[in-house]
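Trainee: Assemble the complex: chain U is given as a structure, and chain S must be docked to it using the hints.
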Amino acid sequence: MDADSDVALDILITNVVCVFRTRCHLNLRKIALEGANVIYKRDVGKVLMKLRKPRITATIWSSGKIICTGATSEEEAKFGARRLARSLQKLGFQVTFSKAIRAADTQGFIFVIFTDFKVVNVLAVCNMPFEIRLPEFTKNNRPHASYEPELHPAVCYRIKSLRATLQIFSTGSITVTGPNVKAVATAVEQVYPFVFESRKEIL
Amino acid sequence: MTGRVCRGCGGTDIELDAARGDAVCTGCGSVLEDNIIVSEVQFVENSGGGSSAVGQFVSLDGAGKTPTLGGGFHVNLGKESRAQTLQNGRRQIHHLGNQLQLNQHCLDTAFNFFKMAVSKHLTRGRKMAHVIAACLYLVCRTEGTPHMLLDLSDLLQVNVYVLGKTFLLLARELCINAPAIDPCLYIPRFAHLLEFGDKNHEVSMTALRLLQRMKRDWMHTGRRPSGLCGAALLVAARMHDFRRTVKEVISVVKVCESTLRKRLTEFEDTPTSQLTVDEFMKVDLEEECDPPSYTAGQRKLRMKQLEQVLSKQLEEVEGEISSYQDAIEIELENSRPKAKGALASLTKDGSVEDTTSSLFGEEDAEDEELEAAASHLNKDFYQELLGGGIPGSSEAAGGPEGGGRPPALESLLGPLPTAASLGISDSIRECISLQSRDPKDASGDGELDLSGIDDLEIDRYILNEAEARVKAELWMRENAEYLREQREKEARIAKERELGIYKEHKPKKSCKRREPIQASTAGEAIEKMLEQKKISSKINYSVLRDLDSKGGGGPHKEDARPQERAGARKLSRRKTPASRSGADPVASVGKRLRPMVSTQPANKKVAVGEALLPSPPSLGAEPVRPTAVVVESGPVSYHPEEDADEEEPDEEDGEPCVSALQMMGGDDYGCDGDDDDGY
Numbered sequence: 001m002d003a004d005s006d007v008a009l010d011i012l013i014t015n016v017v018c019v020f021r022t023r024c025h026l027n028l029r030k031i032a033l034e035g036a037n038v039i040y041k042r043d044v045g046k047v048l049m050k051l052r053k054p055r056i057t058a059t060i061w062s063s064g065k066i067i068c069t070g071a072t073s074e075e076e077a078k079f080g081a082r083r084l085a086r087s088l089q090k091l092g093f094q095v096t097f098s099k100a101i102r103a104a105d106t107q108g109f110i111f112v113i114f115t116d117f118k119v120v121n122v123l124a125v126c127n128m129p130f131e132i133r134l135p136e137f138t139k140n141n142r143p144h145a146s147y148e149p150e151l152h153p154a155v156c157y158r159i160k161s162l163r164a165t166l167q168i169f170s171t172g173s174i175t176v177t178g179p180n181v182k183a184v185a186t187a188v189e190q191v192y193p194f195v196f197e198s199r200k201e202i203l
Numbered sequence: 001m002t003g004r005v006c007r008g009c010g011g012t013d014i015e016l017d018a019a020r021g022d023a024v025c026t027g028c029g030s031v032l033e034d035n036i037i038v039s040e041v042q043f044v045e046n047s048g049g050g051s052s053a054v055g056q057f058v059s060l061d062g063a064g065k066t067p068t069l070g071g072g073f074h075v076n077l078g079k080e081s082r083a084q085t086l087q088n089g090r091r092q093i094h095h096l097g098n099q100l101q102l103n104q105h106c107l108d109t110a111f112n113f114f115k116m117a118v119s120k121h122l123t124r125g126r127k128m129a130h131v132i133a134a135c136l137y138l139v140c141r142t143e144g145t146p147h148m149l150l151d152l153s154d155l156l157q158v159n160v161y162v163l164g165k166t167f168l169l170l171a172r173e174l175c176i177n178a179p180a181i182d183p184c185l186y187i188p189r190f191a192h193l194l195e196f197g198d199k200n201h202e203v204s205m206t207a208l209r210l211l212q213r214m215k216r217d218w219m220h221t222g223r224r225p226s227g228l229c230g231a232a233l234l235v236a237a238r239m240h241d242f243r244r245t246v247k248e249v250i251s252v253v254k255v256c257e258s259t260l261r262k263r264l265t266e267f268e269d270t271p272t273s274q275l276t277v278d279e280f281m282k283v284d285l286e287e288e289c290d291p292p293s294y295t296a297g298q299r300k301l302r303m304k305q306l307e308q309v310l311s312k313q314l315e316e317v318e319g320e321i322s323s324y325q326d327a328i329e330i331e332l333e334n335s336r337p338k339a340k341g342a343l344a345s346l347t348k349d350g351s352v353e354d355t356t357s358s359l360f361g362e363e364d365a366e367d368e369e370l371e372a373a374a375s376h377l378n379k380d381f382y383q384e385l386l387g388g389g390i391p392g393s394s395e396a397a398g399g400p401e402g403g404g405r406p407p408a409l410e411s412l413l414g415p416l417p418t419a420a421s422l423g424i425s426d427s428i429r430e431c432i433s434l435q436s437r438d439p440k441d442a443s444g445d446g447e448l449d450l451s452g453i454d455d456l457e458i459d460r461y462i463l464n465e466a467e468a469r470v471k472a473e474l475w476m477r478e479n480a481e482y483l484r485e486q487r488e489k490e491a492r493i494a495k496e497r498e499l500g501i502y503k504e505h506k507p508k509k510s511c512k513r514r515e516p517i518q519a520s521t522a523g524e525a526i527e528k529m530l531e532q533k534k535i536s537s538k539i540n541y542s543v544l545r546d547l548d549s550k551g552g553g554g555p556h557k558e559d560a561r562p563q564e565r566a567g568a569r570k571l572s573r574r575k576t577p578a579s580r581s582g583a584d585p586v587a588s589v590g591k592r593l594r595p596m597v598s599t600q601p602a603n604k605k606v607a608v609g610e611a612l613l614p615s616p617p618s619l620g621a622e623p624v625r626p627t628a629v630v631v632e633s634g635p636v637s638y639h640p641e642e643d644a645d646e647e648e649p650d651e652e653d654g655e656p657c658v659s660a661l662q663m664m665g666g667d668d669y670g671c672d673g674d675d676d677d678g679y
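Each protein sequence line maps, in turn, to chains U and S. The letter at position 188 of the first sequence is residue 188 when you use my numbering, and the numbering goes up by one with no holes. The letter at position 665 of the second sequence is residue 665 when you use my numbering, and the numbering goes up by one with no holes.
Isolated chain S (complex conformation):
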């Protein structure tokens, strides 16, 4: 409160007149305050004779509507950012909510969630649409409406997992526990979509019972509720003699065909599926089933056990086989006719498995080591080969068949390939030696401890010259696209740099605001502006340029004529053109032009138009074409005879007459519609 102490006399007796809004000191009479803002209610008289209070309704949320003069296209101007955000959010929520057919209560709740989210800064860094969708879905969950997240993602064309992430975050931050989805909620909705007609209710009830059965049979944990619904509805429909194909159900329920089939198969496995329709309606089986993934896991376990048993048996058989092989080999050797001379020296009588390597001949003494290694490895090879074959066979394979396999394979394939013949002897050696090196690699303490690190192996990682070249070649070929793009980009940047109009490209959204035109003269500015806006190619730029020029009456007729006309008008002025060697009226026109030009280049045309028309009022056909196009703007004196002449030889023949304002894009007075981005 003001006016406790008077400035003049120091007295404290201040009188406040509310009606006049004054604060006056009663001691010395000096007025301390004038035009105090009062909170009185004022009344005005209506046309009907009654009186009503003066005032406006202000909304609780924001700062209230600021009255805009001249149209409401600056709706968001003048409000603070938070209010804008909330208003925007509210609008979007209503828009989305109406598409989902949510009632008003839900929408209000969603808006409350949104307000909470904004106050916790959860909208930062996230798309507004995502946050809105998450709020709406949260409401759907708490209210229990049958809307799926998939519906929302359909509407927004956004990946459902992205929405899900946002939703989870929102629920966590707002500490709202969304109740779990019950697939039973979706049944009425899908049933309606599948159009069962009169029996809709019955089918729904049957489907519900099926679902409950599924729940007890542990089919519903971890599964999408919509998939379960689909399966239940399909079965229920068939039970009531409705022919609903899988495709129809899928299109309604939005799951994949294979998912649906899988659910049906799982259901088939449960004992409930064995009941007839009537039995199902009456009886409810007591026992529960295991979840399908559990049974699958059990099956795998059983397979593994079988494998182990079989491999044990294999080992026993192995010994027998090798003894058989030895015997056979010896027999063959003895019975084989002596090889021809040249080959005889080359053939070796190695161990059994080297029958093929004997054909290769050239190997030396080191081969014997290889052979030992190879024979050792081949045993493993057998086991793996056969063990790999076993799980493929049915479980009924059993022992005897497994035992019968190895000899069959052997005879069919002939001598199995050895390590040497495959040429992988090197890597086998490496593997063996690596295994022996393993115990040495204890991790030591301390800084780059090289104790356990084997340099040889690391050396193998380094390519030599030729290999490096080949690799570089390959890489270049593979990434040719990318490299080419990079080169083009660089070339482009270099060229632009030369021309001096290189702009640093930031990878942001391009803002619509155009750069203000930098021009040295008004004429240049007009040109540039017209170029940008691409209004017309038929404008005579030279004329425009000369409009503003002080001196230099150009060699253009059009220019000369206004000069002379203007000169003809007034005698006093004629001197000045002579003295200044330039059209003074033009200069005066120019002067008038200039203030308008500097502030609003967009309206240059207007200014030019209106400036020129008054100046040579008695002119005939005004040859300055572009200004002739201006129909009306501002304070233009109307010259019917001139206008008639001017407008006819209009170059824009096909075009309807538009005002300059409209041509230049009407509403941009400098804030080019980027208000929406500004929250």
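Extracted from the complex, chain U is given alone in its bound form:
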């Protein structure tokens, strides 16, 4: 099938989740009291901080682990994470510019080190210009595809090698989640021929 010829499918990235660590203990109470844009959840022990500029929400634990969600691209995620570290710094924790080693400061401040930045999950949406016959598609792609109409209206297609999951709806819209943007794009490319086979011809 002419799957790769002139089809320019635009894949829209809707969410990028990343994690990073500040190698020091964070005082959640202080952050909660002094930040204007934070929600303190004491019962689970975390603080939610929302930034406006790259629109992201970060979950901060006292161990220094931070999870950042809501960005729309990988660079934006990294940028938002850095901003977050910067605001933590302003709240009274000192940030170093050294990534790997914890440098000792003469004044003895607590260092917020920006390390272990990693994009963990990327969620993207893509629209096919045709509808898809789901039962047929499931039959042809047996081990990877699973369809349970009683539970969810979409077919769940998993690609183990890329660690990506695609949810294929009968209207032709596909939701992809994967570990990074490249995997997501590859996944869509991989699944396109199969989906094309089971499409519904518009009369």
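Don't read these hints as lab results, they were simulated from the structure. It cannot be assumed that every hint is accurate.
What the hints assert, rightly or not - Derived lysine to aspartate or glutamate pairs resembling EDC-like cross-links, with alpha carbons at most 16 Å apart:
1) U:LYS41 to S:GLU481
2) U:LYS53 to U:GLU75
3) S:LYS489 to U:ASP43
As the list claims (entries may be wrong) - Partial selection, computed: residues in chain S whose CB lies under 10 Å from chain U:
4) MET148
5) ASN177
6) PRO183
7) TYR482
Ideal placement from N, C-alpha and C gives every residue a C-beta, glycine not left out.
Mentor: Below, chain S alone, put in the same frame as chain U:
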């Protein structure tokens, strides 16, 4: 095989006698083995004279039944864990399967699935009930029985999505491809439940045809099969003059009313719905329809396009409006009588949109910048306002009406609120400046790169003192419940710590096994045990305590009497009470008591009872009350005259006589019924 080499002489000639089970060396005659286990078949003679082989049937699965002495309440003891799991699973499968009316073949298949799941360790970390349900549902799917996952979740009272998750996992791990559900499978079942009587078959056939039509019309993809069935059956019933209300159908089919209505509406949209009943039975329309979600999507697209067209037209109209406004304003200015003195100085002749801001007066030169910004923004504001109004109107609105709107709005609302009057000038400024700052924020490389990060904005995020206090106050108030609970918990823990009986509470299920009673003496142990079991409040603990004491004949009469009685019996013994200044028979009783006491505190009462009764055999009314309650237990010598006396002044009047064993809860000899948990 043993006995290859004789230990004594080193000879290799060993003779094995199977019957006697011996291995004897023929060289030196030493017996090398005795009681060899043989696999001979033995026969016994029946009462009828025939003979039958000795043996037991052993099941293929497990280790076989171990013969239990004295009752079968330790069924699972002695088997290995895997066998227990499988047996348990089998039992549960049969139980559930019978409720679903599955035949034996299905149940066996389900059990096979279960065995596979266990061998792949899929039962770990999951509730057994879920795994069983998933196995059963898998069987239902492969066999094509009309059972829904909803039925199973109804039986188990578990969320259907949780079951679905387990089911999907099972199917994936076992590499079993469950065939897709065909809604046609459910029709006979639902039709039966709806009770169509004689015409059941006809209605079912009609419903089937309807379903097939729906399939071709693309209504069935991604939908719950039960919803489609419901709609098809409803229509089929009406076609055959059966009055089945929506509510009845819902209760059978288990979908929501709105779902059913939606399916009916969708069906209504298809051309098939226009056919009459007869036509439908005869003719099958060739054309197919688009799926409903597709048509909905198309509608949205069309709306968007319309909007765009309209907004373009709006822009053209905008220019006209502003020119009109200017003209009007100028006219008004000229025609307006001069304002009163005080206000005159305050009124400004700003641009058109600032008519309201002129009333506020105090603004300075910076206002002019604001005005420029505000006028710029107001144009956008118009567009948004009007553009928001357009999709609400019907598609027939069209151009001329859209063009006619803006002036109408203007005249109705008067001068529209400006940014300044709304007091949002600050945020607008911020937004504008933010936009200009955007290009600077290129993500740089390297470690915490502060280049693109704007400190000002971040500073705004930090509250000052007063604000921090207010926020803390608010948070406290909101989470008061939780904080209070925490405080109470801490107080409780502190108190318990003081009292020294603080136990670390683990958030696990509480196991039923009670802690073994730690007591220094037997008497204390009895007390504690009785407290735990809460048998009777009328027991005289002091007596119990003294039973075991060596010396110290208490000031109790009851105690003294056994002593003296015991002493009266035998002369030789009388010395010993004197010398030991304590009842030796009591001590001997105590000695007898003690071994029983240490091993089985639960049976203390029994022991006490039986120990005491023999010791003063010729006693009259035995005033030791609690032991009197013991009717019988073990080797107790029967003293009718005493018992008659003892039992009458029984304190437990209303209670029927129960044995001590029963009172203490019969069957717990230390494994308190937690066998079921042990797989």
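Trainee: Which earlier hints can't be squared with this structure?
Mentor: none
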